[in-house]
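Chains as they are written, first to last, in our numbering: chain A, 210 to 325; chain B, 25 to 138.
Hints may be right or wrong, so weigh each one.
[What the hints assert, rightly or not] In silico negatives: residues of chain A with every beta carbon more than 10 Å from chain B:
hint: 1; residue: N227
hint: 2; residue: T235
hint: 3; residue: L253
hint: 4; residue: N272
hint: 5; residue: D276
hint: 6; residue: G280
hint: 7; residue: S294
hint: 8; residue: A295
hint: 9; residue: V323
hint: 10; residue: N324
[Claimed, not checked] Derived CB-CB ranges, DEER-like:
hint: 11; chain 1: B; residue 1: N52; chain 2: A; residue 2: S268; range: 20 to 30 Å
hint: 12; chain 1: A; residue 1: V222; chain 2: B; residue 2: P63; range: 31 to 41 Å
hint: 13; chain 1: A; residue 1: T322; chain 2: B; residue 2: E86; range: 28 to 38 Å
hint: 14; chain 1: A; residue 1: R270; chain 2: B; residue 2: D54; range: 28 to 38 Å
hint: 15; chain 1: A; residue 1: T322; chain 2: B; residue 2: S91; range: 39 to 49 Å
[Stated by the list, open to error] In silico BS3-like pairs for lysine-lysine, Cα to Cα no more than 27 Å straight-line:
hint: 16; chain 1: B; residue 1: K94; chain 2: A; residue 2: K251
hint: 17; chain 1: B; residue 1: K94; chain 2: A; residue 2: K312
hint: 18; chain 1: A; residue 1: K277; chain 2: B; residue 2: K107
Because the hints were derived from the structure by calculation, they are not lab data.
Positions of the beta carbon are idealized from the N, C-alpha and C atoms, including for glycine.
What follows is each chain in one-letter form.
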Amino acid sequence: KQEVTQIPAALSVPEGENLVLNCSFTDSAIYNLQWFRQDPGKGLTSLLLIQSSQREQTSGRLNASLDKSSGRSTLYIAASQPGDSATYLCAVKGGYSGGSNYKLTFGKGTLLTVNP
Amino acid sequence: DGGITQSPKYLFRKEGQNVTLSCEQNLNHDAMYWYRQDPGQGLRLIYYSQIVNDFQKGDIAEGYSVSREKKESFPLTVTSAQKNPTAFYLCASTSTSTANYGYTFGSGTRLTVV
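Chain A extracted, bound-state conformation (with noise of 0.2 Å):
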């Protein structure tokens, strides 16, 4: 059973700081590995979205890396803005469960705050 982690479960950085947030996953056989962010009260945006086959993404001031074998992700973001505080979550799409059904299994997330 795929089981992804995401540490820290919350992280408060000062403005302007790179920071990086940790996903990370059990079960290697992956198709591809997604991030997004959600603000209280509000749905999933998507923010990244890398495949299986690729090492790393970018958009903007968000880069993020994916280590299949090691089952690692991180999301680095740059010079951090207070606009950047909301949860963060990560997600990887799994292998076939039940129905030829593609399974997605999120992390609890990390909230982060940044303070101006």
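Add chain B to chain A, keeping to what the hints say.
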């Protein structure tokens, strides 16, 4: 713009009442999902559907029902059999044409029992 629309944003349910949460997508995705989110527990899968008129139970389907009469729509009914329905409900969709697609989520419905 393509996306997923969930309604209502807030919903209040009385004891013994059934309520239905709406989920509509215009992304032409064939697979749709319902998740429940509780504090400290992460997201848990309730039901999913890969094609019209077919759906499968997820990890916590008891007390819930769904239908998939149209590709664009996947409503979730929270029945009176669901003993603890207060939660945040999220709808998602993806394409199953290849395994490479990611998932798109709606903005959620917060259900409260009164």
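To see whether the hints hold, each was checked on the structure:
{"no.": "1", "hint": "N227", "result": "holds (25 Å)"}
{"no.": "2", "hint": "T235", "result": "holds (15 Å)"}
{"no.": "3", "hint": "L253", "result": "violated (4 Å)"}
{"no.": "4", "hint": "N272", "result": "holds (17 Å)"}
{"no.": "5", "hint": "D276", "result": "holds (19 Å)"}
{"no.": "6", "hint": "G280", "result": "holds (18 Å)"}
{"no.": "7", "hint": "S294", "result": "holds (18 Å)"}
{"no.": "8", "hint": "A295", "result": "holds (14 Å)"}
{"no.": "9", "hint": "V323", "result": "holds (22 Å)"}
{"no.": "10", "hint": "N324", "result": "holds (23 Å)"}
{"no.": "11", "hint": "B:N52 to A:S268: 20 to 30 Å", "result": "holds (24 Å)"}
{"no.": "12", "hint": "A:V222 to B:P63: 31 to 41 Å", "result": "violated (23 Å)"}
{"no.": "13", "hint": "A:T322 to B:E86: 28 to 38 Å", "result": "holds (36 Å)"}
{"no.": "14", "hint": "A:R270 to B:D54: 28 to 38 Å", "result": "holds (34 Å)"}
{"no.": "15", "hint": "A:T322 to B:S91: 39 to 49 Å", "result": "holds (41 Å)"}
{"no.": "16", "hint": "B:K94 to A:K251", "result": "holds (26 Å)"}
{"no.": "17", "hint": "B:K94 to A:K312", "result": "holds (23 Å)"}
{"no.": "18", "hint": "A:K277 to B:K107", "result": "violated (40 Å)"}
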